[in-house]
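Spelled out, the chains give:
Number of protein chains: 2
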Amino acid sequence: MSSDIRATYEISGEVARAKERALSLAVEQTHEFPPELAPVAAGGAVGRVLGVEVQGPELARAELAYPADVAGGELPQLLVVLFGNCSLLPGVRLVGVELPPETLAAFRGPRFGVAGLRGLLAAPTRPLLATALKPIGLDARSLASIAYEFAIAGIDVIKEDQSLANQRWAPFEERVRLCADAVRRANDETGGHAVYVPALNFPVDLLEARISIALEAGAGGFLALPGVTGFELMRKIAGEVPVPIFAHPTLLGSFLSSPGTGISHGLLLGELMRLAGADASIFPNHGGRFAFSAEQCLEISEGCRRPIGPLAPIFPAPGGGMSLARAPEMIEFYGPDVMLLIGGELHRGDRTRNAARFRELVDGL
Amino acid sequence: MSSDIRATYEISGEVARAKERALSLAVEQTHEFPPELAPVAAGGAVGRVLGVEVQGPELARAELAYPADVAGGELPQLLVVLFGNCSLLPGVRLVGVELPPETLAAFRGPRFGVAGLRGLLAAPTRPLLATALKPIGLDARSLASIAYEFAIAGIDVIKEDQSLANQRWAPFEERVRLCADAVRRANDETGGHAVYVPALNFPVDLLEARISIALEAGAGGFLALPGVTGFELMRKIAGEVPVPIFAHPTLLGSFLSSPGTGISHGLLLGELMRLAGADASIFPNHGGRFAFSAEQCLEISEGCRRPIGPLAPIFPAPGGGMSLARAPEMIEFYGPDVMLLIGGELHRGDRTRNAARFRELVDGL
Numbered sequence: 077m078s079s080d081i082r083a084t085y086e087i088s089g090e091v092a093r094a095k096e097r098a099l100s101l102a103v104e105q106t107h108e109f110p111p112e113l114a115p116v117a118a119g120g121a122v123g124r125v126l127g128v129e130v131q132g133p134e135l136a137r138a139e140l141a142y143p144a145d146v147a148g149g150e151l152p153q154l155l156v157v158l159f160g161n162c163s164l165l166p167g168v169r170l171v172g173v174e175l176p177p178e179t180l181a182a183f184r185g186p187r188f189g190v191a192g193l194r195g196l197l198a199a200p201t202r203p204l205l206a207t208a209l210k211p212i213g214l215d216a217r218s219l220a221s222i223a224y225e226f227a228i229a230g231i232d233v234i235k236e237d238q239s240l241a242n243q244r245w246a247p248f249e250e251r252v253r254l255c256a257d258a259v260r261r262a263n264d265e266t267g268g269h270a271v272y273v274p275a276l277n278f279p280v281d282l283l284e285a286r287i288s289i290a291l292e293a294g295a296g297g298f299l300a301l302p303g304v305t306g307f308e309l310m311r312k313i314a315g316e317v318p319v320p321i322f323a324h325p326t327l328l329g330s331f332l333s334s335p336g337t338g339i340s341h342g343l344l345l346g347e348l349m350r351l352a353g354a355d356a357s358i359f360p361n362h363g364g365r366f367a368f369s370a371e372q373c374l375e376i377s378e379g380c381r382r383p384i385g386p387l388a389p390i391f392p393a394p395g396g397g398m399s400l401a402r403a404p405e406m407i408e409f410y411g412p413d414v415m416l417l418i419g420g421e422l423h424r425g426d427r428t429r430n431a432a433r434f435r436e437l438v439d440g441l
Numbered sequence: 077m078s079s080d081i082r083a084t085y086e087i088s089g090e091v092a093r094a095k096e097r098a099l100s101l102a103v104e105q106t107h108e109f110p111p112e113l114a115p116v117a118a119g120g121a122v123g124r125v126l127g128v129e130v131q132g133p134e135l136a137r138a139e140l141a142y143p144a145d146v147a148g149g150e151l152p153q154l155l156v157v158l159f160g161n162c163s164l165l166p167g168v169r170l171v172g173v174e175l176p177p178e179t180l181a182a183f184r185g186p187r188f189g190v191a192g193l194r195g196l197l198a199a200p201t202r203p204l205l206a207t208a209l210k211p212i213g214l215d216a217r218s219l220a221s222i223a224y225e226f227a228i229a230g231i232d233v234i235k236e237d238q239s240l241a242n243q244r245w246a247p248f249e250e251r252v253r254l255c256a257d258a259v260r261r262a263n264d265e266t267g268g269h270a271v272y273v274p275a276l277n278f279p280v281d282l283l284e285a286r287i288s289i290a291l292e293a294g295a296g297g298f299l300a301l302p303g304v305t306g307f308e309l310m311r312k313i314a315g316e317v318p319v320p321i322f323a324h325p326t327l328l329g330s331f332l333s334s335p336g337t338g339i340s341h342g343l344l345l346g347e348l349m350r351l352a353g354a355d356a357s358i359f360p361n362h363g364g365r366f367a368f369s370a371e372q373c374l375e376i377s378e379g380c381r382r383p384i385g386p387l388a389p390i391f392p393a394p395g396g397g398m399s400l401a402r403a404p405e406m407i408e409f410y411g412p413d414v415m416l417l418i419g420g421e422l423h424r425g426d427r428t429r430n431a432a433r434f435r436e437l438v439d440g441l
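Chains A and B, in that order, give the protein sequences. The opening position of the first sequence corresponds to residue 77 in the numbering used here, with each subsequent residue numbered one higher. The opening position of the second sequence corresponds to residue 77 in the numbering used here, with each subsequent residue numbered one higher.
Next up, chain A with everything else stripped away, as it sits in the complex:
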């Protein structure tokens, strides 16, 4: 007899039907069989409704229990159980997950987390600073020279834009060697610990080879794109590489964009990122180019931190159109365990000076 995975869903629409819909969810997400026809043997594998609470004229909250053995400690099937076919149903949103110890035990989670990343970057208490290496269209030498400037100025994490793949302007291998080398030289000069973080935007066939090339060149982390590659591939890579994983939300927005469907911000960009091995989760801060609310950002930050079994807390990394002017308020909002990501705006005016001011601003706190 296994323990239960608990999942909470918001069910939008006529509340009179909420209970019935919760019951069919329990079936849909597990044995997906007409309940009255299910063989007795399959009974131990079916979800159960623990409770349905009406929250408004068109909104109910249902708590379901799935036997842990239905997921079997494997991430792909855990995602299928939590939200697989659900995602195709109207008006169902996954808003809470509690995993039993036996399921959690199957996941390593973040290898570094907040403490590990702070150690690696020799930044025991202050907010971390990150920027994006861009734009696509520059050659590898120019990108490396920008990386050098940022590292000299004291930016901790110099991550590539998610769109840097293997384009002709800056082919992967050349780019990674030059950028890693540039950041190493900067660290040698300053005694700093900046890391260069290439994007894992690869065909799967080339994944292992490119990761080896990057590690050998001196990459200090990887930018994972779980929306593109699946959370499972990020989990696998995080378990294998000796450097931290920075998760980017590209292509994940559709899970978040409609209020009554999808997965909550805190679960998707906080808890799931963490379960799947990310050490920091990048997301669009409120008031930037995107449309996340302050509340949603706080939810992500909570998901990065709240106690979940043995999983280390990770850094929320708000970005997306942020500027130096916003930095103090962001630190106020998220607290010191935050990785501030400022990309394009550092290029406005004198790049080196902006980057140095970014660092001073945080050192001065």
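Calculated directly from the structure, the hints in this document are not laboratory data. Do not rely on the hints blindly, as some may be mistaken.
Taking CB as the label site, the calculated pair distances span [as the list claims (entries may be wrong)]:
1. Arg261(B) to Gly195(A): 58 to 64 Å
2. Lys95(A) to Pro133(B): 35 to 41 Å
3. Leu282(B) to Gly132(A): 43 to 49 Å
Covered stretches of chain A, going by a simulated chain B footprint (3 or more residues, C-beta under 8 Å) [as the list claims (entries may be wrong)]:
4. 277 to 284
5. 294 to 306
6. 418 to 426
Chain B is faced by these chain A residues, among others (derived, beta-carbon under 10 Å) [unchecked claim]:
7. Thr84
8. Gly120
9. Ala121
10. Ile212
These numbers were taken from a predicted model, which means no experiment stands behind them. All C-beta atoms in this analysis are idealised placements derived from N, C-alpha and C, irrespective of residue type, glycine included.
Assemble chain B onto chain A, guided by the hints.
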């Protein structure tokens, strides 16, 4: 100088701002840099707005062009260009994609497609019949015996439920050996060509080993879950295995559930599935347990078939709560190049007789 990828987006909201929003999309999806600061060198890598057409008081349609070299013929980056950060913006829906020959040339697409699958199943003109092997919770021997019954009755494709992973009730290796063997015995008895299709619901670490085990056991295809594993992994597997790929939409629903955001049904479950190597695309038929409209289903079917460079057409495979009673109308609706999927309902009453009637119904057309 490369050709262009063309992408069409629906932009919801104030139409007065549509042009400005289309312009920022072009930037967001390529060099993601304040345009006035972008180095001249990056100019060749930026998207362009070809046109914006107002379609209603709150709806505009924007056509964008991205240099093909920005995607570089790689599927992960192609997805990032088409909808990566877009997915995080409110009121933007991807509704059309035209790839230039140089991008299409990088994709093999479906290995079998309609003609290949018809050859494999010795079904030159009739609709194909599929069912789902379930429920989770049964032991491997019981699942194999159900598979045998279905194959004897003349069902072409006996695919596993997407949730069959490696659970204790029917561990992968035992299940696959018994089911493949059961379908082979049935084929030997009937002279039929039924295929057993295990689900690719695996941790990535075990992927190669499990695919080998399944192929060696005699699996006649694989059920891919691109929503869970990413489209890229499906593409890779489709390029490597000598059997057809059946794509399942689990976890993809959030791209479809909100009218003004996400990706259109025809693109996501038709064209993208095909580009990434699926030979059939499973989706919930209108009027079943899910909420797709007839128009959306037709759009998927169109995406499976419309001429796209050298990509073979594939089977639309509507299912999701279908019954024998619906079959004639489904054939009328989709035409003969359809794979009809009936799962749980075949178990209502006498399973063997239902399956045989399913086949008779199609043979009698």
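Each hint tested on the structure:
One distance hint, 58 to 64 Å for the beta-carbon pair Arg261(B) and Gly195(A), holds here, with the actual separation near 60 Å. Distance hint check for Lys95(A) and Pro133(B): the Cβ-Cβ separation is about 39 Å, which falls inside the suggested range of 35 to 41 Å. The hint said 43 to 49 Å for the Cβ distance between Leu282(B) and Gly132(A), and at roughly 44 Å that hint holds. For the region 277 to 284 of chain A, the stated coverage by chain B is satisfied: 5 residues place a CB nearer than 8 Å to a CB of that chain, which reaches the threshold of 3.
Check result for the region 294 to 306 of chain A against chain B: holds, 5 residues qualifying (beta carbon to beta carbon below 8 Å, three or more required). Coverage of a stretch by a chain is defined here by at least three residues with a beta carbon nearer than 8 Å to that chain's beta carbons; for the region 418 to 426 of chain A and chain B the count is 5, and the condition holds. Given hint, Thr84(A) at the interface with chain B, is violated; its Cβ is 17 Å from that chain's nearest Cβ, farther than 10 Å. At a threshold of 10 Å, the smallest CB-CB gap from Gly120(A) to chain B is about 6 Å, leaving the interface hint in force.
For the restraint placing Ala121(A) at the interface with chain B, the shortest Cβ-Cβ distance is roughly 3 Å, inside the 10 Å limit, so the hint holds. Hint on Ile212(A) holds. Least Cβ distance to chain B is approximately 5 Å, under the 10 Å limit.
Against the hints set out earlier in the document, a violation occurs for number 7 only.
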